[in-house]
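Engineer: When you get a sec, could you build the whole thing from the sequences and use the hints?
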Amino acid sequence: MPPPRSRVRVRVYPLGDTALLAELGTRLDTALNTRAIALAAALQKRRDVRRAVAGHGAVTVQFDPDQISHDALASAIRRLATKRPPVEEPGRLHRIPVVYDGPDLEAVARERGLAPQQVVEIHGRPIYRVFLVGFVPGWAYMGPLADELVLPRRAIPRTRVPAGSVAIAGQETGIYPFASPGGWHLIGRTSVRLFLPDSDPPSLFRTGDRVKFFAASE
Amino acid sequence: MTPALRVVAPGLLTTVQDLGRPHALASGVSPGGAMDRFAHSAANLLVGNERGAATLECTLRGPRLVAERPCLIAVTGADLEPRVNEAAAPLWTGFELEAGDELSFGARRSGTRAYIAVAGGILAERWLGSMSTNLLVARGGMHGRPLREGDMISADEPHERPPAGQTVPEQLRPGYADHTLHAIAGPQADRLVKESRDSLFNTSFQVSPDSNRMGYRLVGATLEAPGEEVLSFGLVAGAVQLPSGGRPILLMADHQTAGGYPVMAVVVSASMPVAAQLAPGDELRFVETSIERALQMREAQRAALDALVT
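Residue numbers (the working numbering), protein chains in the order written: chain A, 1 to 218; chain E, 1 to 310.
Source of the hints: derived by calculation from the structure; they are not laboratory data.
Do not take every clue at face value.
Computed from the model, here is a short list of chain A residues facing chain E with C-beta under 7 Å [what the hints assert, rightly or not]:
no., residue
1, ASP17
2, THR18
3, HIS56
4, ALA58
5, GLY134
6, VAL136
Output of the computed footprint for chain E on chain A, the stretches with three or more beta carbons under 8 Å from beta carbons of chain E [what the hints assert, rightly or not]:
no., region
7, 9-16
8, 22-29
9, 202-210
Only a predicted model underlies this, so the values are computations on that prediction, with no experimental measurement involved.
Beta carbons are placed, not taken as given, at the ideal position from N, Cα and C, and that holds for glycine.
Structural biologist: Okay, here's the thing in structure tokens:
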């Protein structure tokens with residue numbers, strides 16, 4: 001029996017001479033992310049692939065140009081991408097306590113015509129998916145956020161966001177693992193440590209994990 | 001093990017580096033590693049090490065190091081005027097230090113980053129599979145920080161020590177004076193309006209003071225590339241990102257692992273050693289090239305390194 005096929009268009013772009021980007025889609029979508037993770041896993045098994053990292057809806061592939069050409073790998077990726085991904089194991093569920101007293105909570109509420117308490121309730125309602133771990137050590141892009149909370153990033157990023165800040169921007173939410181500059185809206189904070197350098201792997205979250213926030217006091 | 005070198009003065013920014021920790025990407029940890037991998041690998045090969053052994057990466061102003069025991073070393077990359085006991089020392093050539101000899105540096109004559117390899121390979125803290133120093137997380141190398149006065153640098157016992165005097169022939173050393181970076185158009189390059197695309201590939205940019213091992217902010221033409229936000233995806237060293245302000249950023253070894261700014265170009269692997277040798281204030285120019293040409297350049301560099309393997 002031929003393997004089941006599905007209609008997925010993949011666009012492949014070079015990223016220099018030793019990497020390429022395989023883009024499955026440009027929307028924030030759990031099914032696309034599942035496909036990206038499956039494609040990255042399949043590519044990681046190839047000898048000519050050094051590493052394959054799933055993004056939200058794309059896979060970044062670093063390869064050995066001595067073993068395969070860009071074009072041949074692009075063809076292989078198009079073939080692999082049409083395969084239906086295996087049914088995904090549900091990711092580990094993390095419950096994260098949040099003190100909702102962020103400096104942007106009032107502004108977010110005002111902007112969206114809500115009371116601050118409604119922002120807290122809406123943010124804590126879904127079980128979010130970890131779409132991608134990256135940017136800085138331990139950072140996880142999580143979503144999708146309820147439409148009622150969707151806002152563009154701050155026009156002027158903060159030069160310093162404290163570690164543990166729980167933030168939202170666009171259709172996503174995240175937690176700053178380190179004190180760093182940042183342009184997301186800060187609605188709360190958590191004491192959970194997201195990155196333990198001496199654990200292996202050091203990041204608490206992995207791509208595909210599920211995260212539920214709940215309101216806590218100190 | 002007897003330490004090989006003692007740090008008398010650390011220089012501006014001297015860190016332990018190897019070829020990095022690519023497998024830590026899944027935790028959001030940058031791959032890191034030597035910025036100029038050609039110079040790093042050449043230094044190792046000149047003293048009989050594997051290409052990936054740890055070296056010291058010295059930035060702009062080199063350290064003062066005293067040999068605690070006799071050792072074979074090599075200094076490659078930037079010409080920061082290396083000296084032994086105040087007499088000029090050779091670049092791109094293996095040479096012996098006797099116990100008590102002092103390796104020091106003078107003025108910056110070309111490039112930005114010099115590499116010091118010690119026969120046997122420098123031994124330092126390994127974190128997530130690599131001895132490279134990760135300054136953000138403060139792990140790897142010398143306790144995750146740059147060298148300090150009084151640090152002792154250990155090296156492994158060499159298996160097989162080549163004679164001193166092995167050298168990279170002049171014609172095979174990289175030309176760091178030419179700041180042309182060959183690049184291939186990136187996934188979102190089509191967003192650039194025509195004038196901006198011309199500016200990206202045909203005008204000069206200056207490396208801003210706000211630049212480091214993570215990346216170089218570039219000052220020059222402001223580039224216009226209208227379009228929707230990009231969902232974050234995995235990044236590579238050499239990527240030229242364009243934030244909404246229109247000022248490009250060239251990602252280097254300690255780059256963020258993922259990002260959502262459009263990528264307009266990616267510097268080819270053979271041009272990254274030149275990129276690694278730029279300092280704030282230097283001018284650079286991107287020139288669009290093909291994958292075929294990039295692979296030829298890559299092959300030429302590899303042949304130069306292969307010629308050092310005895």
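Engineer: All hints, please: hold or fail.
Structural biologist: These are the hints, each one checked on the structure:
Interface hint at A/ASP17: satisfied, since its Cβ lies 4 Å from the closest Cβ of chain E, which is below the 7 Å cut-off. Below 7 Å, beta-carbon pairs count as interface contacts, and A/THR18 has one with chain E at about 5 Å; its hint therefore holds. Among the interface hints, the one on A/HIS56 holds; its C-beta lies about 4 Å from the nearest C-beta in chain E, closer than the 7 Å criterion. The beta carbon of A/ALA58 is positioned within 7 Å of a beta carbon in chain E (closest approach about 5 Å), and the interface hint is therefore held.
For A/GLY134, the interface hint holds, since its Cβ comes within 7 Å of a Cβ in chain E; the closest pair sits about 3 Å apart. For the restraint placing A/VAL136 at the interface with chain E, the shortest Cβ-Cβ distance is roughly 6 Å, inside the 7 Å limit, so the hint holds. Counting residues of the region 9-16 of chain A whose C-beta sits closer than 8 Å to any C-beta of chain E gives 4, which meets the bar of three, so the coverage hint holds. Look at the region 22-29 of chain A against chain E: 4 of its residues bring a Cβ nearer than 8 Å to a Cβ of that chain, three or more, so the hint holds.
Interface restraint, the region 202-210 of chain A with chain E: holds (4 residues with C-beta to C-beta distance below 8 Å; minimum three).
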